[in-house]
Amino acid sequence: MPDDNLSLTAKREAAVAALADVPREPGAKKPDPILVADDVKRHFGGLLAVDVDHVEVQRGAITALIGPNGAGKTTFFNLLTGFDRANSGSWTFNGRSLHGTPPFKVARAGMVRTFQLTKALSKLTVIENMRLGATGQRGESFWRAMLPFTWRGQEDAITERAEELLARFKLDTKRDDFAGSLSGGQRKLLEMARALMVGPELVMLDEPMAGVNPALTQSLLQHVANLREQGMTVLFIEHDMDMVRDIADWVVVMGQGRILAEGPPETVMSDHKVIDAYLGAHHDQSLAELEEQLETGTLAEEVAAELGQAPAEAVPVEHTGETKDGR
Amino acid sequence: MDWGNILELSLRELIGVQAIVFALAAIGINVQFGYTGLLNFGQAAFAAVGGYGIAVIVTTYDMSFWLGLVVGIVGAIVLALLLGIPTLRLRADYLAIVTIAASEIVRLVGRSAWGRDVFGGSDGITGFSSAFYDLNPFTEPFEFGPFQFRERVLWVLVVGWVLVAVCTLVVWLLMRSPWGRVLKGIREDEDAVRSLGKNVYAYKMQSLVLGGVIGALAGMVYSLFQGAMQPDVYATNFTFFAYAILILGGAATVFGPVLGAAIVWFAFQFIDLALRGAIRQDYIPSWFMDANDTGAVRFMLTGIVLVLLLVFRPQGILGDRREIALDAR
Ligand SMILES: Nc1ncnc2c1ncn2[C@@H]1O[C@H](COP(=O)(O)OP(=O)(O)OP(=O)(O)O)[C@@H](O)[C@H]1O
Ligand SMILES: [Mg+2]
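Each protein sequence line maps, in turn, to chains A and B. Each residue of the first sequence is one higher than the last, beginning at 1 in full-length UniProt numbering. Each residue of the second sequence is one higher than the last, beginning at 1 in full-length UniProt numbering.
Mixed in with the good hints there might be a few duds.
Chain A residues, not near chain B, derived (Cβ > 10 Å throughout) [unchecked claim]:
| hint | residue |
| --- | --- |
| 1 | P23 |
| 2 | G46 |
| 3 | L48 |
| 4 | G89 |
| 5 | R108 |
| 6 | L124 |
| 7 | N226 |
| 8 | G255 |
| 9 | P265 |
| 10 | T267 |
| 11 | K273 |
Distance condition first, Cα-Cα at most 27 Å in a straight line; then the derived DSSO-like pairs of lysine-lysine [claimed, not checked]:
| hint | chain 1 | residue 1 | chain 2 | residue 2 |
| --- | --- | --- | --- | --- |
| 12 | B | K184 | A | K170 |
| 13 | A | K123 | B | K184 |
| 14 | A | K174 | A | K123 |
| 15 | A | K41 | A | K29 |
| 16 | A | K105 | B | K184 |
| 17 | A | K170 | A | K123 |
| 18 | A | K29 | A | K273 |
| 19 | B | K184 | A | K174 |
| 20 | A | K30 | A | K273 |
| 21 | A | K11 | A | K29 |
| 22 | A | K11 | A | K170 |
| 23 | A | K30 | A | K105 |
These aren't lab readings, by the way, just hints derived from the structure by calculation. The beta carbon of each residue, even a glycine, is placed where N, CA and C say it ideally should be.
All chains should be modelled from the sequences, with the hints used to inform the complete structure.
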């Protein structure tokens, strides 16, 4: 166990050290990028949803992609993984251009994503969901599928790997349930575990924490941090700043389709551009300060003061309406 | 009323040629719709291509029966590719529209005046089945209890049920394999399957081709039994009838289509004979219905049964209730 912990910190330290000399500016060059994107643009009618000049993702590190709702984060994921087509731009994964590559080839190349709106395959059991994730299955070819002896052995190995992952994600008791019967948070976990079955080099998680209860958040954080220990690179979208602070080695901030800022979590979270993008009015305070205020309750007072009379006026109106309806 | 006779005649239909033909058509649809979620509304076209394959090669071009079989199957594969290549990348409804149109195109081309030299117009083609019946090993009628089958019928039944068994076995093997798992995944959410590195387009195409080829077998069995290939047999109601059978038996179950086909043809015959008997005996007054109405009434009753089934057992006879419950979540 102590050895484990040591290597844990060693990997994290290595990632942080590698990023130490990277300038804290949008589009900064990384020492060993696994993913490089240039001039990626995506229009939806008049809206320029993604307009990324240059961004690099460091290999072996955990990078967070943050930004307000509608910043274009999911759209950017969709473009990179081939689920949506860019109007222009180019990007490479491991030095290989993936522009115009269909999603399944992107996944096979080692870049696997999850979805913001979870996609559990409802009428398949949890274990079948997991098995589906494994690549290079002999039994997935039409002719060999009819000859079970050609794929039995491989299937057993896949099942074993799937069960290990399920145990890690605390889903082993759900093994034979339909995925559709899982709760929202459990589906998130299943989707993440299933993505790992592909054996990816780069894992792209779209809001892995959304809808997961706080008790599970810690263990999920551990899972994500563990991916780095196993040599994977992680790029995740998240609104939960605690998660970003706890496990991200590097943070990229998007706003209105553009990369606004980049840097280690502490630096980025005190960047005024980020705070502008997120909070608008409270731009002169750092996130940490805001949080402190939140904890001491001063922010709540402020908010209540700002909202002032409004609720007091609204309540009686609603009330009379209700009584009329009720009687 | 002679209930023994009614039951006997109905049981003949239970294992009859119609049941075989629609079991095959429904097995094909089960692969496409039940397991993959593809809406092929043109199964009649695949059956027609199978039937025309033999008929045109043997009668029109005077070539071998075996070549006809190959042409029928290759024709179904080509049709599946033609329909699938432009539509399988698009949303599910495009395939539905294109297949229903293709089904009518095949039928209308078959019965057209300008294609008469090849396809025989609306009268269709006859005289292509002798090679098939020459292979008949049965030389005497077969008797089994009250049942008697003439050797010709017996031959079709044996070949037909062997085909049904083989197709069912293939579907059973495939759907418990990783290949079948990919299909079921596509039915649930094709983007999720793409994100796991599977070539969804290729799998959909394989599913469409497999289901189409099984549909072609249905057309072959029927036209060989009839000794005639008539285009109007393969109108769109052929397809919808096969869908009804599949849903009755249970979509995405291995034996659902076979069970559904057997039950429907049994019930058809039984209702028809029972109604006729009742009318003859004046149990049903003639101002209410006469013997000519029984054909329509049995369709109405079948419709009522289907509606009741969808209300009380939406998963079909063999389906898994838990799966339907998931849709409500
Ligand atoms: N298919 C689409 N058609 C039209 N507009 C779209 C489409 N997809 C996204 N958009 C628009 O693009 C912008 C970016 O959307 P995107 O989903 O990428 O945001 P996001 O950063 O992931 O936000 P959130 O944090 O809420 O998930 C939004 O303004 C959205 O309305
Ligand atoms: Mg999003």
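For each hint, the structure was consulted:
no.: 1; hint: P23; result: holds (33 Å)
no.: 2; hint: G46; result: holds (25 Å)
no.: 3; hint: L48; result: holds (24 Å)
no.: 4; hint: G89; result: holds (21 Å)
no.: 5; hint: R108; result: violated (4 Å)
no.: 6; hint: L124; result: violated (6 Å)
no.: 7; hint: N226; result: holds (21 Å)
no.: 8; hint: G255; result: holds (26 Å)
no.: 9; hint: P265; result: holds (28 Å)
no.: 10; hint: T267; result: holds (33 Å)
no.: 11; hint: K273; result: holds (32 Å)
no.: 12; hint: K184(B) with K170(A); result: holds (25 Å)
no.: 13; hint: K123(A) with K184(B); result: holds (8 Å)
no.: 14; hint: K174(A) with K123(A); result: holds (14 Å)
no.: 15; hint: K41(A) with K29(A); result: holds (20 Å)
no.: 16; hint: K105(A) with K184(B); result: holds (20 Å)
no.: 17; hint: K170(A) with K123(A); result: holds (20 Å)
no.: 18; hint: K29(A) with K273(A); result: holds (20 Å)
no.: 19; hint: K184(B) with K174(A); result: holds (19 Å)
no.: 20; hint: K30(A) with K273(A); result: holds (22 Å)
no.: 21; hint: K11(A) with K29(A); result: holds (21 Å)
no.: 22; hint: K11(A) with K170(A); result: holds (25 Å)
no.: 23; hint: K30(A) with K105(A); result: holds (25 Å)
In summary, the numbered hints that this structure violates are 5 and 6.
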